[in-house]
Every structure is written in structure tokens, then in C-alpha cells.
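S.K.: Build out the structure end to end from the sequences listed, making use of the hints.
Protein chains in written order, with our numbering: chain A, 156 to 439; chain B, 240 to 461.
Check each hint, because a few of them may be wrong.
Derived Cβ-Cβ restraints for the label pairs, each shown as a range [as the list claims (entries may be wrong)]:
hint: 1; chain 1: A; residue 1: D178; chain 2: B; residue 2: H373; range: 50 to 60 angstroms
hint: 2; chain 1: A; residue 1: E417; chain 2: B; residue 2: D389; range: 50 to 60 angstroms
hint: 3; chain 1: A; residue 1: R325; chain 2: B; residue 2: A417; range: 38 to 48 angstroms
hint: 4; chain 1: B; residue 1: E322; chain 2: A; residue 2: A286; range: 50 to 60 angstroms
hint: 5; chain 1: B; residue 1: G446; chain 2: A; residue 2: L418; range: 48 to 58 angstroms
hint: 6; chain 1: A; residue 1: L329; chain 2: B; residue 2: G321; range: 28 to 38 angstroms
hint: 7; chain 1: A; residue 1: L329; chain 2: B; residue 2: H373; range: 24 to 34 angstroms
hint: 8; chain 1: A; residue 1: G314; chain 2: B; residue 2: E319; range: 53 to 63 angstroms
hint: 9; chain 1: B; residue 1: E372; chain 2: A; residue 2: Q217; range: 54 to 64 angstroms
hint: 10; chain 1: B; residue 1: S241; chain 2: A; residue 2: R362; range: 48 to 58 angstroms
Think of the hints as simulated: they come from the structure by calculation, not from any bench. We treat Cβ as the ideally placed atom computed from N, Cα and C, and that holds for glycine.
Residues per chain, in single letters:
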Amino acid sequence: MQLLNASGCLDALTAPDVARSLDAFVTKTVTPEPREGNPPPRIAETDHGMLNAIGLANPGRQAFLGQTLPRLARELGPVWVSVGGFRAGDYAETCEQLARDEVACVELNLSCPNVDEAPESAAEVVGACRAATALPLYAKLSPHAWDIGETVRAVEAAGADGISLVNTLRGTALDARLRPRLARGAGGYSGPALRPVALAAVAAARRATRLPIVGMGGVSTGRDVLELVACGASHVALGTVLFADPDAPSRVRAELRRELDELALATVEDAFCAALELVVKAEN
Amino acid sequence: MSRPGRERRRVVAVEPVGPYALVRLERGMLDPGNPGQFFMVEAPGRVLPRPMSLCLAPKGELAFLLDPIGPGTRALAALEPGERVHVFGPLGNGFRLDVPRPLLVGGGIGVAPLPYLSEALERPPAVLGFRSEHHAEAAALVPNAEVVIDPVLVTDALPEGRDVLACGPEPMLEAVRALVPDAQLAWEAPMACGFGACYGCVVEVDGELKRLCVEGPVLCSS
Ligand SMILES: Cc1cc2nc3c(=O)[nH]c(=O)nc-3n(C[C@H](O)[C@H](O)[C@H](O)COP(=O)(O)OP(=O)(O)OC[C@H]3O[C@@H](n4cnc5c(N)ncnc54)[C@H](O)[C@@H]3O)c2cc1C
Ligand SMILES: Cc1cc2nc3c(=O)[nH]c(=O)nc-3n(C[C@H](O)[C@H](O)[C@H](O)COP(=O)(O)O)c2cc1C
Ligand code: FES
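M.R.: Laid out in C-alpha cells, this is it:
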């Protein structure tokens, strides 16, 4: 089991120590053109999570490949690159250009709630990228789909090597005068409130595939990591928790060791075996 | 530059200052940083910490002045001595102190960073504006301060030919900038992380959206 950051939740160039405390670093989503992102205010805390409408702010493919990626690789070695776009061709072109030693893996962001243009079907995008690169391809899915298993089977058939989930849920929050707190009105809801959603989504994905799954959504403790693994995650990503606690990677690992001792499990992966029965039951 | 640290610190005391609360924490190994820098302070029961300017750095302590306006600041104001909260900082860029004729300008809770700044600049004159006499009790924390109360505004009381260092609500900062184009101004934005990770705190700087926690919070307008 590897511990990663969730895309968009850590800037390795401003906080390299935090990035180094993870097993792998995932970049913020890169789009073909530079994007300034949405106007402020872009974030709002709610009682059990936070909303963000960053809007895929990023320097664009050219600046990423020319400047950001070499600097990242110098600091960290090969990284996971999150790729976004508005047509399958956008994703495929970026994937083609990512064929470099500096890239360990590509995560296709098929699920950003903060941009208006929806990408084509997840499977079409994965298919186009499969044809464009030999790099490992992870499909990052939204928790909104009612039948996650169906999407997972479709992206696997199209050539995905792994699944990442969940991205944020769409949400909104109002201020004292009943106006939206985000300039964009709505945003992506992340943090502790997302955890039950993530557990169910990962379990549904695990029932549909044997591919590796990066589970995420509201993880903030070692116990949370173990629960995601129990539901079928192979790896786990930390998102919103990094904002409140940049020391979370080492803390979570320590908590995980204590949790395993308490449950008399030899390895993290054994947590899945313990839950397997339950997952099979839910299927019938 | 001082290196930010993150530690779980004990609450020494929470003292009322007019409608505000002065939260005094044990300093531990944390560096108080430069005036105008801030710390992310854990707000018990909340998902995200809250950005707070350092107000005072008494021996062995870090003290924050806060206005309890919402769930996070109210949770901080309700801390009891002996409780512990995580504190991360110092973060961001503070005020430049190499100014020959400093004048501190503060409005409302914007006085928060001025006591520590005043100390560093050897007690320069200050002009502070408040909504009421009750709020103006916070002026006692800033030496050599002239106090104005609504409807009189700080911009009505600004002497000329001074290097202005200001913190306060956005309309006040805009008004100060209009009068003193090269003023150093400490801005606010909602922040999730305070260390450049979330891109949530962007503000427009020279026509571009920049992260206030990285570029600021003190920006020079000229
Ligand atoms: C660098 C920096 C330093 C700060 N230093 C201090 C300080 O020393 N003392 C202090 O009391 N406060 C300070 N603040 C502001 C403080 O962080 C916010 O008031 C606090 O986060 C509000 O949280 P809350 O949960 O209490 O209220 P919320 O529910 O988050 O907000 C209550 C109301 O205030 C508005 N609001 C919230 N945050 C901001 C903001 N940052 N800017 C403008 N409006 C906002 C909301 O829209 C809402 O209407 C600072 C902010 C920054 C960015
Ligand atoms: C501020 C912020 C920015 C994000 N940016 C991206 C992004 O650029 N690409 C992406 O695939 N997911 C992005 N996400 C979603 C996260 O990667 C993650 O899927 C989600 O937040 C759930 O995990 P969490 O609850 O642990 O934060 C972002 C989330 C947040 C909070
Ligand atoms: S508060 Fe997160 S980038 Fe500034």
C-alpha cells in the first residue's frame, strides 16, 4: 500500500518536505492551455468538510512540461501527473507528450466539478489515451455516478491500468445573508463528510475489477486508511487533511501501525481479506 | 527567514479585550517570525485551521487577538487554559521594517498585528479606527496611538509624508491605498492551508491571481 497526496491538495514546489513524506506525489491537474482558475472566494469551510471551486488553475501543458515537471523530478524523482481536458483529444495529446522518465504514472481527471465543459465519456477518454501512451493510466472517477461498477468496467475495457476515486461531490454553502459563499456558486465538497461516500464507491469499484485502486475521500487518520483498504483500495491518497495537517503522512503511518497491532493484522493488505466477506455479501 | 514549525501548544490564558479575545499560547520551539506574518491555528471541532496574525510575543508565549465572528474564531475564543491546539507558522511575508518614518494604521480587528509591529519599529505613531468605544479598548495594546471612532475614519486622520503600514477591512485598505500609493498593506482572504497547497486564497496582484499566503499577506501596492 502506498500513501499518496490527492491531486490539487499539495504543491510540491512550495512544500517539498511534505511531498517527500509521501510514497508518490501527484500533480495538480494539467490542462492543454494555462488556466487562471475561478475568481475568489474559491473556498469555504462547512461543518464537516470544505468546498472548493479552484477551477483547475494551472500553468498549462507547455509550461508544465518545460518548467514544472523538470523541477518536480529534480526534487522528487518521477511523479504522477494528473491530466485534464475538455475533449478526448486534449487528454491524449498531453499523454503523448508525457512519455518521459520524469513521469511515473498518469491519472486522468475525468471528474472535476469546477469547470463547465464536461469531458466525453470516461471510456472514450481512456481509450484515446491508451492509444497515445504506454505509461500506466489511472482513471479518476466521480462519486456522482449511480453505477460506479459500470464505469469501472468500461474504463478497464478501454485500457485503464488502475482506478482513482473519489473526486469531490458537488456542493454549495450560503453566508449569513443567504448568498453563495463561493464566487462560482457551487464547488467540490471534500473532507471528512466524504468518507462514507468514498468507502462505498471503492467497494463498488472493487466488486467490478481486480485493477489497483487509489482510494481517497475524507481520509484523516490511520483508521480511515485501513477502512478504505478494507473496502478494496490498494493505495490511499490524502487530500483535505493536508491543509490542516502537513505532517499527516507520518502521523497516519504511525496510527496505521498501532491500528494493525490492535486488530492483530500482519499487513495493511490483510484488512481487505477481513472485509472480503462483507463485500461479497453486498454483491448478492 | 524564519522556518515555519508545527507544534501542539498549551493555552496559557484567553483574555477579553473589548469585544475581542487575546489568546495566549505557550511558544515552545516556534519562532514568532516577522510582524505581519501569520500562523495557522487549529480551531477545535473545525475541519480547517484559521489564519491569525501574531499580535504579541511575550517571553515564552505567542499571543493572538481575535474577533469571534464565526464558528472558527468562536471556538478559539472559547479555549480554556490548559487545552492544546496545533499552531503552524510563521507563514507568509510580513511588513518591511526598513522604513524611515513609519506610521501604523489599523481598523477594527486589523489592529491584531500592530502591537508586535510597534515593538519592532520602536513604538512609532499609530492611527486606529474602531466601530465603537467598546471595540476601541483594543487600542490599549498599541503604544502612541491616536484613536478615531465611526463616523470619523482613519483616512480623515492620516498625517502626510509617512511610510504607512496598515491592516484592516478591505474598504479601509483601498482608501489608504488611494491616499498613500506606496503603503504596505496586510490583506485577508479565506485560507485553507496557509502554505501554498490549496490555491484557495488567491487575490489579484498586478492583474494576476496570486496566492496571498505565499506572496502576502503584506503587499506593497506600488
Ligand atoms: C493572513 C491573515 C491573518 C489574519 N489575522 C487575524 C487576526 O489576527 N485576528 C482575527 O480575528 N482574524 C484574523 N484573520 C481573519 C480570520 O482568519 C477569519 O476571521 C476567520 O478565519 C473566520 O473564521 P470563522 O469560522 O470564525 O468565521 P467564518 O464563518 O469563516 O466567517 C464569518 C464571516 O466572515 C467572513 N470571512 C471569513 N473569513 C474571511 C476573510 N479571511 N476575509 C474576509 N471575510 C471573511 C465570512 O464570509 C463570513 O461572513 C486573518 C486572516 C488572514 C488571511
Ligand atoms: C482545493 C482542492 C483542489 C483540488 N484539485 C483537484 C485537481 O486539480 N484534480 C483532481 O483530480 N482532483 C482535485 N481535487 C480533488 C481531490 O484530489 C480529492 O479527490 C478530493 O478532495 C477527495 O479527497 P479528500 O476528501 O481527502 O480531500 C481537489 C480538491 C481540493 C480540496
Ligand atoms: S491558503 Fe492554501 S494556497 Fe494559500
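S.K.: Hint by hint, say whether it matches the structure.
M.R.: Here is how each hint holds up against the structure:
1. A:D178 to B:H373: 50 to 60 angstroms: Since the Cβ atoms of A:D178 and B:H373 sit about 54 angstroms apart, the hinted range of 50 to 60 angstroms holds.
2. A:E417 to B:D389: 50 to 60 angstroms: 59 angstroms, holds
3. A:R325 to B:A417: 38 to 48 angstroms: Distance hint for A:R325, B:A417 holds at roughly 40 angstroms.
4. B:E322 to A:A286: 50 to 60 angstroms: Between B:E322 and A:A286, where Cβ atoms are some 58 angstroms apart, the hint holds.
5. B:G446 to A:L418: 48 to 58 angstroms: Roughly 55 angstroms apart at Cβ, these two residues keep to the hinted range, so it holds.
6. A:L329 to B:G321: 28 to 38 angstroms: Given about 36 angstroms between the Cβ atoms, the range holds.
7. A:L329 to B:H373: 24 to 34 angstroms: 29 angstroms, holds
8. A:G314 to B:E319: 53 to 63 angstroms: Cβ of A:G314 to Cβ of B:E319: about 58 angstroms, so the range 53 to 63 angstroms holds.
9. B:E372 to A:Q217: 54 to 64 angstroms: This hint holds: roughly 58 angstroms between Cβ atoms.
10. B:S241 to A:R362: 48 to 58 angstroms: 51 angstroms, holds
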